[in-house]
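> Protein chains in written order, with this note's numbering: chain D, 1 to 409; chain W, 1001 to 1234.
If you're looking for bench data, these hints aren't it; they were derived computationally from the structure. Computed from a predicted model, the values in this text were never measured in an experiment. Idealized CB from N, CA, C, for every residue including glycine.
List of simulated lysine-lysine pairs, DSS-like, C-alpha gap at most 25 Å:
1. W:1070 x D:401
2. W:1076 x D:324
3. W:1113 x W:1098
4. D:401 x D:307
5. D:324 x W:1098
6. D:135 x D:150
For the chain D half of the interface with chain W, some residues (derived, Cβ under 10 Å), not all of them:
7. 5
8. 9
9. 12
10. 15
11. 17
12. 316
13. 318
14. 321
15. 322
16. 401
17. 402
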Amino acid sequence: MLDRDRWQEIFEAIGKNKLRTFLSGFTVALGILIFTVLLGLGNGLLNSFLSSFVDDAQNIIFISSGNTSKAYKGFQENRKIQFKNEDFEFIKSNYIGKVEFATPRVYRNSQAKYEKESGSYNIRAVNQDHQYLEKTIMMKGRYINETDVKERTKNIVIGRLVEKDLFKNKSALGKMLDVDGIPYKVVGVFQDSGGDNEERIIYIPYTTVQLLFGNNDHINQINLSYNMAMSSEQAIAFADQIKEDFKEKFKVAPDDQSAIRVRSFAEDIKETMVILGGIYLIIFIVGIGTLISGVIGIGNIMTFSIKERTKELGIRKALGASPKSIIAMVLQESVLITSVAGYVGLLLGIFALKLIGNNLEEFFILNPKVDTGVIVVATITLILAGLLAGYIPARRAARIKPIIALRDE
Amino acid sequence: MIEIKDLHKSYQMGSNSLHVLKGIDFSVEDGELVAIMGSSGSGKSTLLNILGMLDEADSGSYFLDNVPIKGLNETKAAQYRNKFLGFVFQSFNLINYKTALENVALPLYYQRKKRKERTETAMSYLGKVGLADWATHLPSELSGGQKQRVAIARALAADPKVLLADEPTGALDSTTSYEVMDIIQSINDEGKTILVVTHEQDIADMCKRIVHLKDGVIVEDKKVEQVRASQYVG
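From just these sequences and the hints, can you work out the full model?
As structure tokens, this is what we get:
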């Protein structure tokens, strides 16, 4: 393989048969180009699906309560289920190892006021874990921390648009914001990719809200994220288990759908993955199909080229070329053309994907690209394909009888 | 140099069997210049192909430089061809995308000689046939006589024991034919054994021995007074 002279022979043969070489290479380059672009677009589709979950953590589970719809164990129907701090503690202490982050949520709608500007905003009273669950990005300052929750501080974190609405062009950091008549200190400003509404929210430590508004320990909702090591089946099972445990805890009928609601993305993600799996399968089949047709094309053209070179190969054999050296020459030429052409196709494909970029976002294709692993596999496939495409013609070439090849027409 | 005993060869033509060589006994000494003559169908090309290891006889023995040539696999045959034989064809059979020099160097490539040595040797043989100045030209840029001279240089490059020329002047006019024969004679003068297949009497007369083939047997085998080609070459 490393015989410099043989490479020189091959380059000479290629250099002097440019059209033939170009035609052989073209089919493979085209095949790989199509494969790369298809795969990239498929990845873009995947990115697009995944990004629809990125506003929140993908492994999140929401637990909320409502009214019972059935009488059960001596309780009337239409009983209101109210979560309390102990239910949150139940989550934290009962599912150790399965829960990654967990936060209570208490909702309020409040009037916020700074100097002359005021507006109505949704309050979410939460703990420090909420930042990770909501994927909140801090623009400045910090998020609510453990001390805030423990000491029921009057520290708050506001959305980018709250700052814009109330503080105009000034920084809100360190300023006192009046919420329903009580002054809070702004310790942080955040942004969120979930849209404008997500950026018009105010976060307050949940303990503070429980103390100042109602002096109780009520919770509206519990958000938690499960351990990412769990498979989607395990995650679905875990969500079901939480639902059962809570129904038992609140003495809710097992088939009551409205009293305890547990929602997770695990099921959605699983479905999406199944669909994407199908899309990948199609891409794979189309890609392999184009690659195979490229290989057949190369095989064809190599066969043709062997026929065209019958005389030359006969001369070579008369001059002492062994069948092995003929096979090696044809195979090497085929592998060289296939890999170079394939690589050109690959680079063109990657370039095309770069050009496409995010221009097809409206077709659910986001940031299409192929990863290095695929490129390595493609390279190996190309070399194998070259060997395959060259083998039959090479064997035929080796069988050429010089006496027949050299016969004068 | 060449020892052939009772050589038979037939070809299968559909259901018919065509007996081409019907018992050839023939030997060639070192340094001979032999013309093999005969009309078409006499078996002279078949004989040359067997001598050249491009084809194998059905029966009989063939020794080349005391080496038995029988039952060779393709690799071995290629090796022997490279080591023992140089070929010159009627239609030159140069590789059209290689220059004169590269064509001459090709047998040396199959002898696994180093590039530098190949180029030097090839150049010296090109010089010998008077084409040193044409080394970088492609066959398409050469005249018929020049092409055949390149082919002779290529046949000589591997320093073979025997040179086999199949109608070397068949595609050339008489002036050029004599030029080529002049070169063949001078190579023979240096001691190389050469077999020339021809159907032209004047070419045969320029050899030292004429073998006549007819219907697959040798009908005449005589030494002749060699006509020197140089007298016709201006």
